[in-house]
Every structure is written in structure tokens, then in C-alpha cells.
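S.K.: Residue-level listing of the chains:
2 protein chains.
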Amino acid sequence: MLVFPPALQRLIKELSKLPSVGEKTATRLAYHLIANDRDLARSLGAALQQAAQEVRLCERCFFLSEEPLCSLCRNTSRDPSVLCVVEKPVDLVAIERGGEFKGLYHILHGLWAPLRGQGPDSMKLKELMDRVRGGSVSEVILATSATVEGDATALYIGRMLADLGIKTTRPAQGIPKGGELEYADDVTLSRAFAARNTLQF
Amino acid sequence: MLVFPPALQRLIKELSKLPSVGEKTATRLAYHLIANDRDLARSLGAALQQAAQEVRLCERCFFLSEEPLCSLCRNTSRDPSVLCVVEKPVDLVAIERGGEFKGLYHILHGLWAPLRGQGPDSMKLKELMDRVRGGSVSEVILATSATVEGDATALYIGRMLADLGIKTTRPAQGIPKGGELEYADDVTLSRAFAARNTLQF
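For the protein sequence lines, the chains are A and B, in the order given. Position 64 of the first sequence, counted from 1, bears residue number 131 in our numbering, the numbering being contiguous throughout. Position 74 of the second sequence, counted from 1, bears residue number 141 in our numbering, the numbering being contiguous throughout.
Keep in mind the hints are simulated off the structure, nothing from the lab. There could be a bad hint or two in this list.
Which copy? The list can't say, so a pair holds if one copy fits it or any two copies do.
[Unchecked claim] Here are the simulated BS3-like pairs of lysine-lysine, each with C-alpha atoms no more than 27 Å apart in a straight line:
1) Lys91 <-> Lys191
2) Lys155 <-> Lys244
3) Lys84 <-> Lys155
4) Lys169 <-> Lys91
5) Lys80 <-> Lys91
6) Lys155 <-> Lys193
7) Lys91 <-> Lys244
8) Lys191 <-> Lys234
9) Lys155 <-> Lys234
One chain only, chain A, in its complex shape:
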């Protein structure tokens, strides 16, 4: 490390701040960028600067956007009466990939996780309530993950919305498509049985 030129040491130090990148990986990446692919070093550097400069949060749903409102909120063909609440932007991307949902979103940017010291203030929850009180929302789909923290957050928000008289739903939990019964865990199985559907003939 000590014999590397200062600019390279700085690059290694910055790279090792990335999640799940240690000093060895950072050194390998820095060497690759400087010795083998300097064009990528330049273009990646420019892309980082540009994204840090231009990407912000949508003022309405807090998805990532370069405009005050994101492409989804600007899209007038989406149904504004149904809001889908998710934890983070990649969750929205996953739902959009499904192509089923035609309403608007609200990104919490956090979960209610008291064990990690994250209370209701660590989420965009006040903003959600303000949106719902705005009046045009008839249903809120609480699509946080099916984890302990995701479930707790959905219950917490669901109760607050119930006080406002808003219909809240949660995506069905059960055996995933292609999942073998043999390998399903106990909680998944018991939920799948409790929420069993009548077959229609």
C-alpha cells in the first residue's frame, strides 16, 4: 500500500468504503481500472459525479428522479387512487418489472425497526399521511417485504391509515411460484394454508 502513488492510494481508500468491498478487492479493482481499463476509470468517475449531481428524490413519491417529479408521478395514465408503499427504490423496480400494478408509489426509504434504532421518523411516513389526507387515494397497498420488520411496518402504517378510513391491503403471502412444498418453511406453509383459496370450476 505505502509504495503506491498517492492518487492510487486515495482511489483504493474510496473504493474500500463501498459496501462489501474490503481492502484487497479495492486494490484489485483500482489496479484493474488504472492498469487495464483507464477509459472505464474516467467514464465511471464521470457517471458517479453526474449521478450525485443530478439524481434526487421525487418530491411526491420519493423515488429517484432527475426532475422535481419522477417519470411515474408525471405519467398521467397511472391511477392516482391506488398507492403502493415500498421500502426502497429497487422494490418499486421489481414491482414495475411485474407489470401488474398501474397505480402510484410511495417509497418509505426505511422501515420501522426499533431493534436497529429506527423509529417512525426514519421513514417518509409523515409525507405518506399528508398524501393520503390530500383526498384522492382510495386504497393503499402496503408492499413492504415479508420480513419481521416489513410486517411490523405494514401493521403500524395500516393502523394509522385505518384511523383515516382508508382501505389498506398487503400482497398475498404463500408458496412462491415453482416452490416445492417439501422445502417451504413452517411459517410460509401455515400462512399459505390459512389463506387458502377455493378453486372455481
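Please arrange chain B on chain A, whose structure you already have, making use of the hints.
M.R.: Then chain B, alone, in the frame of chain A:
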């Protein structure tokens, strides 16, 4: 992906060009940089640009440097009569970490690997020969890795140097410090036995 703002899509695309980074990891990294740690996005971007701009190869030993000559070649307390030949800059760093070697280096930036289409011209070999012909070198340590390609490269270069009457050596191969005999592979064991040392009492 499609709903992400263009600057973020560009960042994901650039990140996914890094070795062993796929689209999922690139998306996760980009989201972390833009949503959680925008300062890191800026400083990493600047470090990349700076390193791509300022770091070049040392004119003498081809290590990485910001000056025409690297810090090692500029260090007058190093012994210029012993040259250590390595494949890549991180090999030099590993040897410097050991602190044993006090001579100068020569980085090949490649190996003789005919199966991967890399002949002698893919290494800084001509430059090594020019340095050795310069006259002040009395020993060349061929410290390429103990792999098939590393061994082949060392033999290839060693034969060329022998024609010039230069003494060439190769680091000892054997059981690594802390290595259990039980788990040593056949080649390592047979080399360790062939090169066994007499104990001095």
C-alpha cells in the same frame, strides 16, 4: 431498470463493467451511493478521475507512479545491482510488505502464456533486456508466481539472461509457513523434498 432516471442507469451500466460485478451488484452499489452516501459518490468519482489522470507507469521499472520515475527507482538507498522481476504491481507490493528485498524491480505487466495468446511481446521484456544490458545489474530474481505460466515465463527469461551472462535466481518453492504437511499438494511436496535443506547445529 427502465424506470430509473438516465444518470442512474448510466452509473449502473458503468459499475457493471467492473470485474466480478454483475447488474444486480451494480444496482445495489449505485442505489447505496445515490440514496445513502452521496458524499462517497462524489469523492469516489473525483478519486477515479484524478487517478486516471495522474497515475502512469514508471519509465524505468513500470511500477505505478505520479512522477516519471516511481518512489522506489528514485530511492538512492536501494541496491541497483539486484533486479526483482514480477508480473504485476500488487506482486511488488507483497514483496515490499515482506521488507526483505532491498534492490529494484521490473514489472512485466504480463506473462508468457501462449494458450491465452500472450507471447513475449505482451510483456515489458525488451525493456528488461535493455536495462540489464545497461550494465549495472549483477543478479535478476525471477519472482513470477509459482504457476505453470509463471514458471514458464521465468524459464524463458532466465534462458535469455543466461546468454548475457547474468546470474538469475528464483524464490524457493516449498511448504508455506504454517502449512500442514497433510494438506500440501503433490507438486509442492515433491519440490520441498527435492530442495530440502541441511539443518545447521
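S.K.: Tell me the numbers of any earlier hints that the structure contravenes, in ascending order.
M.R.: none
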